[in-house]
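These protein sequence lines are chains A and B, in that order. For the first sequence, the UniProt record's numbering begins at 1 and goes up steadily by one. For the second sequence, the UniProt record's numbering begins at 1 and goes up steadily by one.
FYI, nobody ran anything at the bench for these hints, they're computed from the structure. Incorrect hints may have been included.
Facing chain B, a subset of chain A residues (Cβ under 7 Å, in silico) [said to hold, decoys possible]: (1) HIS334; (2) PRO339; (3) LEU340; (4) MET341; (5) LEU343; (6) TRP347; (7) ALA348; (8) LEU351; (9) PHE352; (10) ILE472; (11) PHE475; (12) VAL510; (13) VAL514; (14) ILE515; (15) LEU524; (16) PRO528.
Computed footprint of chain A on chain B, listed as stretches where at least three residues anywhere in the stretch have a Cβ under 8 Å from a Cβ of chain A [said to hold, decoys possible]: (17) 141-150; (18) 282-289; (19) 316-323.
Just so it is clear, CB atoms sit at the ideal spot from N, CA and C, and this is done for glycine as well.
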Amino acid sequence: MTSRHLPTFLAGLLVSAVLATPGAAAAALDRAALVAGLCGNAGQMFEAAAALTATAATGSDEDRAWALALPRALIEKTLACDAAGAVLGNGSLDAVSRAVREPAPDARAPVLSLKNRAVFEQADAALALRSAPGAGARAAALRMLERRPAVLPEGLLDAAAAAESDPALKAQIVGLAQTAALNASDPAARLRAIGRIADNPSRRALAQMTELTHDPAYAANAEFRAAIDAATRRIERGIAMGDVLAALYNGLSFASILFMAAIGLAIIFGLMGVINLAQGELIMIGAYVTWMVQQGLRIVAPALLDWYLILAIPVAFVVTAAIGIALEALLLRHLYKRPLMSLLATWAVSLFLVNLVRVVFGTQNMQFETPFYVSGGVPVIGDFIFTWNRMFAIAFAVVTLALTWAIVRRTPLGLNIRAVTQNRDMAACIGIPTRRVDMMTFGLGSGLAGLAGLALSPIYSVNPQMGQNFIIDSFMVVVLGGVGTIAGTVVAALGIGQINVLIEPLWGAVAAKVIVLLMIIAFLQWRPEGLFAVRGRRK
Amino acid sequence: MTPITRDRPFLLLVALLVILSVAMPLLTGTGLAPSRYLTNAIGQLAAFAVLALALDLIWGYLGILSLGHGLFFAIGGYVVAMYLLKHSFVVTGTVPDFLQFMGWKEFPFYWAGFEFFPYALGVAVAVTLLVSGIFGYVSFRSRVGGVYFAIITQALVYVAMLLMFRNDTGFGGNNGMTGFSVILGQPMGTSGMITALAVASLVTLALVLVGCRWLVGSRFGALMLATRDDETRLRTLGYETLRLKLIVWCLSALLAMLAGMLYVPQVGIINPRVLSPELSLEIAVWVAIGGRGHLVGAVIGALLVNALKFWLSSAAPDVWPFILSGLIVLVVLVFPNGLMDLAKFRLTRPMGPKRMEPNRMEPNRMEPNRMARGIGEARP
Numbered sequence: 001m002t003s004r005h006l007p008t009f010l011a012g013l014l015v016s017a018v019l020a021t022p023g024a025a026a027a028a029l030d031r032a033a034l035v036a037g038l039c040g041n042a043g044q045m046f047e048a049a050a051a052l053t054a055t056a057a058t059g060s061d062e063d064r065a066w067a068l069a070l071p072r073a074l075i076e077k078t079l080a081c082d083a084a085g086a087v088l089g090n091g092s093l094d095a096v097s098r099a100v101r102e103p104a105p106d107a108r109a110p111v112l113s114l115k116n117r118a119v120f121e122q123a124d125a126a127l128a129l130r131s132a133p134g135a136g137a138r139a140a141a142l143r144m145l146e147r148r149p150a151v152l153p154e155g156l157l158d159a160a161a162a163a164e165s166d167p168a169l170k171a172q173i174v175g176l177a178q179t180a181a182l183n184a185s186d187p188a189a190r191l192r193a194i195g196r197i198a199d200n201p202s203r204r205a206l207a208q209m210t211e212l213t214h215d216p217a218y219a220a221n222a223e224f225r226a227a228i229d230a231a232t233r234r235i236e237r238g239i240a241m242g243d244v245l246a247a248l249y250n251g252l253s254f255a256s257i258l259f260m261a262a263i264g265l266a267i268i269f270g271l272m273g274v275i276n277l278a279q280g281e282l283i284m285i286g287a288y289v290t291w292m293v294q295q296g297l298r299i300v301a302p303a304l305l306d307w308y309l310i311l312a313i314p315v316a317f318v319v320t321a322a323i324g325i326a327l328e329a330l331l332l333r334h335l336y337k338r339p340l341m342s343l344l345a346t347w348a349v350s351l352f353l354v355n356l357v358r359v360v361f362g363t364q365n366m367q368f369e370t371p372f373y374v375s376g377g378v379p380v381i382g383d384f385i386f387t388w389n390r391m392f393a394i395a396f397a398v399v400t401l402a403l404t405w406a407i408v409r410r411t412p413l414g415l416n417i418r419a420v421t422q423n424r425d426m427a428a429c430i431g432i433p434t435r436r437v438d439m440m441t442f443g444l445g446s447g448l449a450g451l452a453g454l455a456l457s458p459i460y461s462v463n464p465q466m467g468q469n470f471i472i473d474s475f476m477v478v479v480l481g482g483v484g485t486i487a488g489t490v491v492a493a494l495g496i497g498q499i500n501v502l503i504e505p506l507w508g509a510v511a512a513k514v515i516v517l518l519m520i521i522a523f524l525q526w527r528p529e530g531l532f533a534v535r536g537r538r539k
Numbered sequence: 001m002t003p004i005t006r007d008r009p010f011l012l013l014v015a016l017l018v019i020l021s022v023a024m025p026l027l028t029g030t031g032l033a034p035s036r037y038l039t040n041a042i043g044q045l046a047a048f049a050v051l052a053l054a055l056d057l058i059w060g061y062l063g064i065l066s067l068g069h070g071l072f073f074a075i076g077g078y079v080v081a082m083y084l085l086k087h088s089f090v091v092t093g094t095v096p097d098f099l100q101f102m103g104w105k106e107f108p109f110y111w112a113g114f115e116f117f118p119y120a121l122g123v124a125v126a127v128t129l130l131v132s133g134i135f136g137y138v139s140f141r142s143r144v145g146g147v148y149f150a151i152i153t154q155a156l157v158y159v160a161m162l163l164m165f166r167n168d169t170g171f172g173g174n175n176g177m178t179g180f181s182v183i184l185g186q187p188m189g190t191s192g193m194i195t196a197l198a199v200a201s202l203v204t205l206a207l208v209l210v211g212c213r214w215l216v217g218s219r220f221g222a223l224m225l226a227t228r229d230d231e232t233r234l235r236t237l238g239y240e241t242l243r244l245k246l247i248v249w250c251l252s253a254l255l256a257m258l259a260g261m262l263y264v265p266q267v268g269i270i271n272p273r274v275l276s277p278e279l280s281l282e283i284a285v286w287v288a289i290g291g292r293g294h295l296v297g298a299v300i301g302a303l304l305v306n307a308l309k310f311w312l313s314s315a316a317p318d319v320w321p322f323i324l325s326g327l328i329v330l331v332v333l334v335f336p337n338g339l340m341d342l343a344k345f346r347l348t349r350p351m352g353p354k355r356m357e358p359n360r361m362e363p364n365r366m367e368p369n370r371m372a373r374g375i376g377e378a379r380p
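Can you build the whole structure from these sequences, using the hints too?
Okay, structure coming up:
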């Protein structure tokens with residue numbers, strides 16, 4: 001026990017020795033003197049209020065808890081001063097020792113001057129912000145303090161913010177702390193505050209800096225002006241960097257969705273020469289299956305509701321893969337020698353699926369729960385927030401990529417797929433069941449589309465038309481990337497996703513699509529086979 | 001190919017069109033005249049039939065499937081709508097809705113001169129030739145074909161739709177253009193004008209049909225079929241197919257534009273919906289159902305599917321998409337040559353040797369995996 005007390009004691013000694021400021025001195029608060037001040041004349045009362053505010057900023061927890069009741073008692077005239085000190089209100093507790101005692105018969109309630117009332121209200125709010133048990137009381141205290149932020153002792157708001165448990169209130173306190181420090185009377189404190197604000201660049205910080213250029217000190221004080229200008233430059237740089245990162249991040253998440261929508265398309269196209277116009281609808285079905293899993297969990301196992309996005313993965317894959325296999329077996333099997341007709345046939349399927357879903361579920365957007373792992377985000381720099389729902393899509397795409405690559409490169413099925421893609425006749429000659437490979441591949445490609453639907457359900461709205469928004473972009477990915485290559489699909493999806501997102505803020509989403517299409521048509525002049533052509537037998 | 005004089009279905013269809021276009025104005029005022037609704041519907045169907053012929057020319061006879069013919073249809077439609085609005089404005093002083101909607105005081109500069117029909121027609125032809133010429137040239141030069149070409153044309157029409165949905169382009173935005181009141185100095189919406197437009201569409205259809213029939217029956221038509229059936233062999237023999245494909249492609253685009261110019265005055269509105277990929281796919285469905293590579297079949301397919309659509313989308317709008325998808329599946333699985341199979345079914349032995357022949361309508365009888373790389377041939 002002693003060994004635990006010793007360092008605390010030494011630290012206390014050290015603090016009192018080094019910091020001779022009044023605030024630090026309050027660490028050893030003279031409670032009796034303070035209460036005497038409360039009962040003194042107007043000047044003594046003012047000093048007592050300042051001591052109370054200082055206690056709120058730098059005092060020990062016990063002192064703050066002790067002091068909490070005093071200003072309120074004074075304001076509400078429940079403090080009775082007598083010769084032995086003072087007695088607190090209705091509970092009849094001695095103000096200093098908090099022992100029960102009755103006030104002397106000649107006890108009087110000190111009267112607050114108008115000026116002192118304001119400082120005591122502030123002291124009360126400062127103490128409440130630090131020590132009040134309820135978040136509501138702390139929020140009320142903060143509102144009170146916001147009226148005159150410039151007179152608050154330095155460190156009070158920072159300490160309050162550090163101790164605050166309610167995140168919304170904490171953000172408010174931090175904001176007020178910055179404003180308070182910026183408007184502080186001490187120039188050094190202002191400069192420190194400017195530096196602190198520039199550490200977290202945002203548009204709001206930039207607005208604060210712009211406001212400060214109208215401050216009289218900006219014209220008068222060269223150091224102040226230099227600090228403001230430097231901070232403005234830093235913030236602008238931070239915002240620009242944040243914008244770039246946000247664009248890249250959005251582009252990456254869009255590219256992930258595109259990749260997942262296109263990879264199935266690319267594999268099927270490479271293998272069979274069939275463009276599946278119903279791929280977008282398989283994406284839509286994947287999202288609807290996810291929704292149904294969520295609804296099912298709501299009934300069967302509400303405790304697992306948050307994990308529906310994970311639990312739906314196998315379901316979405318299996319359902320869409322089954323639809324794909326059925327599609328292949330019933331329809332496309334007969335159309336391999338007529339690829340243009342297969343376009344019409346798959347369009348018929350897409351028309352059918354869209355209208356089926358429309359009839360069954362209606363045209364409105366489906367409501368999805370937002371599990372904790374895809375909600376919110378981490379603010380990084382400027383206005384760039386690293387949001388978890390986009391990160392989910394990116395991570396999902398990366399895992400899908402790894403799995404697809406493993407299946408195509410490392411499994412017997414993948415070996416067969418590659419063989420049939422390269423030369424169907426030779427593959428058939430050496431005994432590969434090409435028809436079965438076709439069917440399995442179609443199932444794989446369709447299942448991947450279902451997973452794409454799952455991954456985009458936390459980001460995009462889910463309705464019967466959603467598939468059509470992605471399908472043309474994913475065609476472009478396939479055309480650009482080259483037929484049946486995973487690497488080509490990845491590169492093309494990244495390229496198209498980034499170009500779309502980079503052009504969008506400049507000229508709008510439509511211009512982005514137009515430019516991407518024109519670039520692809522121009523690109524095909526140069527490399528008609530796409531970025532990565534599979535080496536196969538040329539005709 | 002059967003000589004024109006012995007091509008009975010063709011002669012029958014042309015005769016029917018001629019009789020209809022003569023009878024409709026003659027019957028006006030008598031009790032036998034078709035109702036305004038029916039007359040209008042006949043005119044619209046004729047415009048769709050021209051559109052189907054346009055696609056059949058490039059798909060059925062050259063093996064190039066375009067899923068973007070709605071683009072050329074829309075160019076014709078938008079230009080004629082601009083003509084009608086500007087003309088109505090000059091004659092009656094009605095300010096078009098979209099100008100009021102955008103709060104614009106006057107027409108954008110590129111609307112200048114659109115009140116003159118010949119100028120509007122010239123613009124439509126020029127824009128169509130420009131778009132189809134450039135797109136066709138770059139695509140055919142780099143040997144983009146087959147499925148690739150189809151999906152790039154689809155992307156083209158989709159992008160055009162997004163562009164036209166914007167309200168600031170000066171083409172009516174998502175509301176499109178409507179409120180046409182005067183055409184060629186005559187008021188629109190009268191029975192006489194409805195009949196006149198319908199007859200104009202029927203006559204155009206008949207002329208286009210005869211023209212196409214003449215074209216595919218000529219030496220040029222033989223070259224088209226040769227390109228469709230084996231382009232590689234044709235090129236190996238020393239014939240450059242680029243020019244041929246480009247000419248037919250531009251001609252097809254012009255016919256689609258013509259269909260758009262006939263369609264819009266009759267339906268009274270144009271909006272970016274005509275640019276939706278669905279409409280362009282539907283054109284291919286009409287042709288597939290009627291029978292690719294048969295001009296009469298394409299016309300009949302367009303007429304049948306659209307008549308069914310007119311009827312069903314008012315009687316049972318929810319059922320129509322299901323019926324359409326069912327029809328497509330039926331056609332691609334059971335009747336690969338559409339109604340022409342049905343006709344043969346009746347006229348010849350059901351399992352006759354002709355049915356066992358390989359399907360000659362396909363552009364390229366290659367293996368599918370190589371078909372996928374149809375664009376990857378060696379370049380000159």
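Hints versus structure:
For HIS334/A, the suggested interface contact is upheld, since its CB lies about 6 Å from the closest CB of chain B, less than 7 Å. At a threshold of 7 Å, the smallest CB-CB gap from PRO339/A to chain B is about 5 Å, leaving the interface hint in force. Hint status for LEU340/A relative to chain B: holds, with the closest Cβ pair at about 5 Å, below 7 Å. Satisfaction of the interface hint for MET341/A is found here, the shortest Cβ-Cβ separation to chain B being roughly 5 Å, below the 7 Å cut-off.
Proximity of LEU343/A to chain B holds as hinted, the smallest CB-CB distance being about 6 Å (cut-off 7 Å). The interface hint given for TRP347/A is met, as the beta carbon of that residue sits about 5 Å from the closest beta carbon of chain B, less than 7 Å. At its closest, the beta carbon of ALA348/A sits 4 Å from a beta carbon of chain B; the interface hint therefore holds under the 7 Å criterion. Hint status for LEU351/A: holds, given a least beta-carbon distance of 4 Å to chain B, under 7 Å.
Interface restraint check for PHE352/A: the shortest CB-CB distance to chain B comes to about 4 Å, inside 7 Å, so the restraint holds. Here the hint on ILE472/A is kept, as its CB sits about 5 Å from the closest CB of chain B, short of 7 Å. A hinted interface residue such as PHE475/A counts as satisfied when its beta carbon comes closer than 7 Å to some beta carbon of chain B; here the least separation is about 5 Å, so the hint holds. Taken as an interface hint, VAL510/A checks out: its beta carbon lies about 5 Å from the nearest beta carbon of chain B, inside 7 Å.
Because the beta carbon of VAL514/A sits about 5 Å from the nearest beta carbon in chain B, less than 7 Å, this interface hint is met. Among the interface hints, the one on ILE515/A is violated; its C-beta lies about 10 Å from the nearest C-beta in chain B, farther than the 7 Å criterion. With 7 Å as the threshold, the beta carbon of LEU524/A comes within range of chain B, its nearest partner Cβ sitting at about 6 Å, so the hint holds. Because the closest C-beta pair between PRO528/A and chain B is about 5 Å apart, less than 7 Å, the hint holds.
Note: the region 141-150 of chain B has 8 residues with beta-carbon separation from chain A under 8 Å; the three-residue rule is met and the coverage holds. As drawn, the region 282-289 of chain B meets chain A at 3 residues by the rule of a beta-carbon pair under 8 Å; at three or more, the given contact holds. Coverage of the region 316-323 of chain B by chain A holds in this model, with 3 residues showing a Cβ closer than 8 Å to a Cβ of that chain against a need of three.
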